[in-house]
Amino acid sequence: MSPDFDGVLTEEEVRQQVATGRRLVVKVGSSSLSSASRGLAEDRVAALVSALADAHDDGHDIVLISSGAIAAGLAPLQLRRRPRDLAHQQAAAAVGQGLLVQRYTELFRDRGILVGQVLLTVDDVTRQSTYANALRTLGTLLRMGVVPIINENDTVATHEIHFGDNDRLAALVAQLVRADALLLLSDVDSLFTAHPDEPGSLPISFVPDVEALTVDTHRIGSNIGSGGMTTKLQAAQIATGAGIPVVLGRASQVGEILVGEPVGTAFSPIDKRRPRRLLWLAHASMARGALYMDSGAVRAVTQANASLLAAGITKVTGDFVAGDPVDLVTPSGEAVARGLVNFDADQLPAMLGRRSSELAAELGVQYEREIVHRDSLILLNHTID
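For the sequence shown, the UniProt record's numbering assigns the number 1 to the initial residue and increments by one for each residue that follows.
The hints are simulated quantities; they were obtained by calculation from the structure and are not laboratory data.
Cβ coordinates follow ideal geometry from the N, Cα and C atoms, glycine included.
There may be inaccurate statements among the hints.
To be verified - Here are the in silico distance ranges between beta carbons for each label pair:
{"hint": "1", "residue 1": "R355", "residue 2": "S201", "range": "57 to 65 angstroms"}
{"hint": "2", "residue 1": "P196", "residue 2": "D344", "range": "47 to 55 angstroms"}
{"hint": "3", "residue 1": "E358", "residue 2": "A94", "range": "56 to 64 angstroms"}
{"hint": "4", "residue 1": "E211", "residue 2": "Q16", "range": "20 to 28 angstroms"}
{"hint": "5", "residue 1": "T214", "residue 2": "G318", "range": "30 to 38 angstroms"}
Full structure from sequences and hints, please.
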């Protein structure tokens, strides 16, 4: 597995990490595998599998996050384009998922490689219990030499279909399996300074800090998939913040990317790897409520690495129990941190604004604890809009 990174990697080091890293998560978008007119593009799928099988034979663990279920179902259902309503999207996914996995199974089998289908929903990686189950399953498959093929469970998910074409899921899975690198493959060559068709738009080969990036990405995307460049940058932000290098590029160039060639856009990790529990808290958890802080508590939590005490809380919202993730918010409602709360929601109103010693004297020593301990909270970075 990848070591902790003490600083920003160079572009060459990022690409070398892809070429030499043991465990790679590869995400491919719908538009790279399909077209609205002919459904699954057999030649594109075959080329992708050939490159990934080569990497597998060279000793890499490969986890494939594959979009394309909805797109693969368009032609059989005689749909000219991706439907906008949820029912038809899920119907297309139900038809297309089987076709997609069947083709992957056949192509990898021809190379002597077994695949395992794993369907996930957002809840599967946002609830700590199922998160642990997913980790165990994927870890076992990889140890047995199987290539897991992961897709969002489009037939039952209602939120994912507008989720970003599996981009954020890929970043979360990369964290989950402790990947050495994440590859985001699509139908564009790289990140550009503006829309590629605009005069003066230039490709960006290296991004040392994705959080400091300022480019207009909202008009770069495909009419086949649900994701665009914005969701890919969000995924890159999640992964690089966890210490995982990222390369974004065209799916047809995956073979070159896998051996470290300078194609696409390389993103340097910007932080050391954090404990998996904090990664789950930052990116895979769903807040069950919110704790509103006064200005002093905001400064203590965000600037002094302090725990959140009852004295600094002014309001509580949500329905949660001890151990659930909650957002820590400013007086104006901006979430600046997320943490695991030590009390149930219905216990907190009587505690708000009161000192720990006072609570212990009146209610018992069990109430002298922090509401959220500093070791169980993480500051929330600003995300790409």
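Taking the hints in turn, this is what the structure says about them:
1. R355 with S201: 57 to 65 angstroms: holds, 58 angstroms
2. P196 with D344: 47 to 55 angstroms: holds, 52 angstroms
3. E358 with A94: 56 to 64 angstroms: Hint holds: Cβ distance 58 angstroms, inside 56 to 64 angstroms.
4. E211 with Q16: 20 to 28 angstroms: holds, 23 angstroms
5. T214 with G318: 30 to 38 angstroms: holds, 34 angstroms
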